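Student: Here are the chains, one letter per residue:
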Amino acid sequence: MRRKLPTYLVLTPFAIVLAFPFYWMLVTMFKEDLDLYSADNVPYVYNPLQWTFWESATTKHVTFIFEETNYPTWLLNTFFVGAAVVAITLVFALPAGYALARLAGRWGQSAGIGIFLVYLVPPTLLFLPMSRLIVELGRLPGIDDDRGLQNSLWALILVYPSFTIPFATWLLMGFFKTIPQELEDAALIDGCSRIQALLRIVFPISLPGILTVVIFAFALCVNEFIYAFTMISSSEARTVSTGVPNDLIRGDVFFWQSLMAATFIPSIVLALLYNSFLDRFIKGFTGGAFR
Amino acid sequence: MEAGTARFEPGSRRWRRAFESRRVLAPALIVPAVVFMVLVVGVPFGWAIYLSLTDAVGGSLSGNWVGFDNFITAWGDDNFQKALRNTLIFTFASQAIVLVCAAVVSHYLVRDFRGKWFLRLLIILPWAAPVSLATIGWLWIFDSLFSVINWTLGHALGLVDTADPPQWLGRPNLALMAVIVVHAWRILPFAVVIFIAGLASIPSEVDDAAKIDGATGIKKLLYVTLPLQLPIALVALLFGIVFTAADFTVVYVLTQGGPFNSTQMLTTWSFQIGINSGSLGEGAAISLYLFPLLAVVSIVMLLFARRAQVS
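These protein sequence lines map, in sequence, to chains W and X. Quick note on the numbering used here: the first sequence kicks off at 11 and runs consecutively. Quick note on the numbering used here: the second sequence kicks off at 111 and runs consecutively.
Read the hints as simulated data drawn from the structure, not as lab findings. Since we're looking at a predicted model, the values are computed, not measured. Note that the Cβ used here is the ideal one computed from N, Cα and C, for glycine as well. If a hint is listed, it holds; no wrong ones were tucked in.
Not everything, but these chain X residues come out facing chain W in the computed CB check (under 10 Å): (1) 214; (2) 242; (3) 255; (4) 261; (5) 292; (6) 384; (7) 393.
With the hints as extra help, turn the sequences into a complete structure.
Tutor: Written out as C-alpha cells, the structure is:
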C-alpha cells in the first residue's frame, strides 16, 4: 500500500484538474437560477433556497433542452451521421487494413504510414474548397434543388470518411498484425480461399479490435466541428457539436444550466465508452507502428 | 441453377485463383481506400492550392489567376502577422505543458492500482468529450460575471478584487493564455494515452535488467524509462503540433479570435477572410501557410518511421 501512495498523490490532482469542468457542468445543470446567479452562494454545491437542499436542485433545465429545443434532433442527426460514416469506413478500411498488415510486404509499411499521414491533413486546410465543392455537387442534375447537399446530413456523410478511413485503416492494420499468421495458414490448408479465411477466421477473431475502431471512428464524427459548421446552416440539420454552440447560445443570453446539460450528457457517454475500450485502442495503435 | 453455376465455373475459378495471389489481392483490397482518399482529400487539397492562386470570391469555385498575390496580400496584413505569431505561441506553449504533464501522468497511470478505472475515466474525459461542447464548459468557467475561478480567488481566498475580477476572455493576454490552457487540457489525455502505448511496448526484459543493475525510482526513470520513451514522446509531440496548429474549434468557441484579434490563429483568420469576408482565394492562401509546418512534421514522422523499421 505504501508503494502505491505516490501514484495516488500524483494522479489525483491531475484527475481533479482534468475532470473539473465536467464536475462543474454536472453541478450547474441542476441549479435554480437564484442559486446560480448569486455571488454570495458557494458555487461548488447546492445552496438551500428553501428548508432543504434537495428543493434547491431542479431538473427543469435538463428537460427543457429535450422538450423545447432541437437538441433531440441534433442527437439523432449525430447518431445517424456517425453510424453511416462508420459503415462506409469499415467497407474501405477493413480490406485495406488487412492487406497492409498481411499481404503487402515491405511497401505495406510505407503505404500504411502514407495513409496515416492523410489523417494528419487537417480539415482546417480543406474546409474552404470542401464547403464550396459540396454546394456545387448539390447543383448537379438529379439532386433536388431545395434539398441540395448543402444543409444535408449527406454532405457530412460524404466528407467525414476523409479522416475516419485513414485513422481506422491504421488501427485495423495494428489489430490484424497481432493475430497469429498460423490461424490463417491452417484455414488455407483446410481449403479456404483467402477471402473465406478473412471472413470466417480473421474478422471474427478481430471483432474486439473492430468494435474499438467503430467506437473511436464514431467519436471522431461526433467531435467534428468545422465541416459541420461551414456546410450546415439550418438548425434542424445540425449535429450536436455545432447545434449546441450555435443555437443554444443566443447572443449574450446564456442559459447555463441547459447548456451544461447539453454538453455533459454526450461527454460522459463518450468517456465511458473510451475508458472501456482504451486498452484495445492502445494495442491497435502500437501494433501498427512497433511490432 | 446448377447448370448456371457450371457454365460460369471456369471464369469464376480463374477469377478466384487470381484473388489467391498476393500480387492481385493486396492492391485489390487497398486501392478502393486509396481512391476514396484521393477523391475526398486530394481533390479538395488541390483545389485549395488552385483557389489560393486566384481571386475567387464566396459563391464560386474559380476565379482569375493572380499568382502569389493572395499570399503577399495576406502576409502584409497586421492581423495575419498576429495570427501567425499566435499560432506558434499557441502550439508550442500548449505542447510544452502537455509533454511535461503527459510524461508524469503516464509514468504512474501505466501501473496497476485500486481505483485505476475511475481515475483513468476522469483523466481521459477532456479527450473523450466533443471539443466544441467541452469548450462551452470552459466558457462558463471563464464567465465574465460568474466565473468559478474568480469566485474562488476573490470570495474564498481574497486574492483578487471581487468588484473588478480578471476578465479571462476579455483581456488580450489573458485570453491567449486561456486558449492555450484549454487546448493543453484537451490534448493532455491523448498524449498520456500515446505515452502509455509507448511504455507498454517496452519489453519487460528491460525492466528486469534495470532491476538487476540496481536502477530503481528516479534513476530508472532518468536512465531507462525516459530514453526509451523518447521516440513515443516524439510521436505524441508531432500529433500534438498538428492538432494544435490546425485547431479551429477551441479558439472559435472561446473567443472567436477576439478580443481585438488577440487570439486570432491562422485557422480562425482564414475562416474570417474566406467565409465571413468572402475572399475565398485569400482565405485559402492563409490556411495554406499552415502547410510548411505540417509538411515538416510529416517528414520527421516518415524519417522516424523508417528508423523504427530498421532497428
